[in-house]
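**Student:** Start from the sequences, fold in the hints, and give me the full structure.
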Amino acid sequence: MKTILSIVYLFAAAHLLAGEGLKVGDKAADFKLKNVDGKYVSLVDFPQAKGFVIVFTCNTCPYAKAYQNRFIALDKEYKAKGFPVIAINANDPAVEPGDSYEAMVTRYNEKKYSFPYLFDQKQEVFRIYGATKTPHTFLLEKNEKEELIVKYIGAVDDNYQDASAVKQAYLKNAINALLSNREPDPNSTKAIGCGVKQKT
Amino acid sequence: MKTRRFIIFAFFLLITGGISAQDKDIPMLKFSDLEKLLHQKSDSVFVINFWATWCGPCRRELPEFEKIHQEYTREKVKVLLVSLDFPSRLDSGLNPFLKSNRITAPVVLLNEPDANAWIDKVDPGWTGSLPATLIYKGSNRLFYERELHYQDIYGSIESLINL
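Keeping their order, the protein sequence lines are chains A and B.
Numbering-wise (our numbering), the first sequence opens with residue 273 and increments by one.
Numbering-wise (our numbering), the second sequence opens with residue 118 and increments by one.
One thing to keep in mind: the hints can contain errors.
[What the hints assert, rightly or not] Mimicking DSBU-like on lysine-lysine, the simulated pairs with C-alpha atoms at most 35 Å apart in a straight line are:
hint, chain 1, residue 1, chain 2, residue 2
1, A, LYS414, B, LYS238
2, A, LYS295, B, LYS238
3, B, LYS195, A, LYS471
4, B, LYS147, A, LYS337
5, B, LYS147, A, LYS383
6, B, LYS147, A, LYS295
7, A, LYS471, B, LYS216
8, A, LYS351, A, LYS306
9, A, LYS337, A, LYS383
10, A, LYS384, A, LYS353
11, A, LYS439, B, LYS153
12, B, LYS238, A, LYS444
13, A, LYS337, B, LYS153
14, A, LYS295, A, LYS306
15, A, LYS337, A, LYS439
16, A, LYS414, A, LYS337
17, A, LYS337, A, LYS322
18, A, LYS304, A, LYS414
19, B, LYS147, B, LYS184
20, A, LYS471, B, LYS238
21, A, LYS295, A, LYS348
22, A, LYS444, B, LYS147
23, B, LYS184, A, LYS337
24, A, LYS384, A, LYS306
25, A, LYS348, A, LYS394
Hints in this document: simulated from the structure, not taken from any laboratory.
All values reported here derive from a predicted model rather than from experimental measurement.
**Tutor:** Here it is as structure tokens:
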């Protein structure tokens, strides 16, 4: 019995290591990460929120930079409606010095972010979520039990080059669907991005 | 006399530098054009690398693809480097990079902003991070969403070439 259990455990561990991450419909875990103001932030700190737009992003990736202003606009529009943006930088500064905590503080102040910009220093949260690149977004909604359910994973929209040429605002459409009690369709999309920087 | 010699020397450098670097315009493709290159029916092995100049691991592995391109000239192996650089930075980013790194393998720029519409058509397992590489011969396809080393590329080619 013990052997079977340890085999099961090994498979489970292998599964976790494979970085499967969250899927639409899964329960998302809360986390506790350091914000640019030095204070720690968890999702439980937002009792009024109906859900969250979790954005794995960074300072340095051109794709992430192309979306900085769109994240600010998104937060301004949807925080009041119950879906604030929470940005997380999971890059290892040893690999990408431009994504250090100090550089995050500078970027936050330059861009006047209206949302928390958290540092996943131990690189644990991005693995649990299954973020593979920046930017990579996860839309969560609280259910009646206050659990956080993944409702949408993927791209912000269909044009990283030009915000004014966007035809499909995937993420916005997904939030609007939740606000009118519908399931997002599509509930997952893909985008090109920079891989999350890890030591090899 | 000294000046004249220097000018001749500089001219020589210019010519030899020009030969080894890309001297043609980089073709800008839509996905419908690129897709044909991902499904070629021939007995060649096609090595298609998706990359960008702003991607660190891509810059690291690019010389290995160039090496493969130069080594396999006599065999049926074709390397294609598909850049996902921003088209607006073609002259300021991509072209100078190719020149200074003396990349002679063919390069195309994929200008297709709605990645969600085409990522799955390259490989359904691709989440969208760079670098990514497709190595195929006929219907036998290998796909990698990570940085590759020379041995990885070489091994993949060798596993397909005699199929």
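**Student:** Next step is simple, just say for each hint if it's right about the structure.
**Tutor:** Hint by hint, here is what the structure shows:
{"no.": "1", "hint": "A:LYS414 to B:LYS238", "verdict": "34 Å, holds"}
{"no.": "2", "hint": "A:LYS295 to B:LYS238", "verdict": "21 Å, holds"}
{"no.": "3", "hint": "B:LYS195 to A:LYS471", "verdict": "31 Å, holds"}
{"no.": "4", "hint": "B:LYS147 to A:LYS337", "verdict": "24 Å, holds"}
{"no.": "5", "hint": "B:LYS147 to A:LYS383", "verdict": "33 Å, holds"}
{"no.": "6", "hint": "B:LYS147 to A:LYS295", "verdict": "30 Å, holds"}
{"no.": "7", "hint": "A:LYS471 to B:LYS216", "verdict": "29 Å, holds"}
{"no.": "8", "hint": "A:LYS351 to A:LYS306", "verdict": "20 Å, holds"}
{"no.": "9", "hint": "A:LYS337 to A:LYS383", "verdict": "11 Å, holds"}
{"no.": "10", "hint": "A:LYS384 to A:LYS353", "verdict": "21 Å, holds"}
{"no.": "11", "hint": "A:LYS439 to B:LYS153", "verdict": "26 Å, holds"}
{"no.": "12", "hint": "B:LYS238 to A:LYS444", "verdict": "25 Å, holds"}
{"no.": "13", "hint": "A:LYS337 to B:LYS153", "verdict": "32 Å, holds"}
{"no.": "14", "hint": "A:LYS295 to A:LYS306", "verdict": "25 Å, holds"}
{"no.": "15", "hint": "A:LYS337 to A:LYS439", "verdict": "20 Å, holds"}
{"no.": "16", "hint": "A:LYS414 to A:LYS337", "verdict": "29 Å, holds"}
{"no.": "17", "hint": "A:LYS337 to A:LYS322", "verdict": "27 Å, holds"}
{"no.": "18", "hint": "A:LYS304 to A:LYS414", "verdict": "18 Å, holds"}
{"no.": "19", "hint": "B:LYS147 to B:LYS184", "verdict": "27 Å, holds"}
{"no.": "20", "hint": "A:LYS471 to B:LYS238", "verdict": "30 Å, holds"}
{"no.": "21", "hint": "A:LYS295 to A:LYS348", "verdict": "27 Å, holds"}
{"no.": "22", "hint": "A:LYS444 to B:LYS147", "verdict": "26 Å, holds"}
{"no.": "23", "hint": "B:LYS184 to A:LYS337", "verdict": "33 Å, holds"}
{"no.": "24", "hint": "A:LYS384 to A:LYS306", "verdict": "18 Å, holds"}
{"no.": "25", "hint": "A:LYS348 to A:LYS394", "verdict": "29 Å, holds"}
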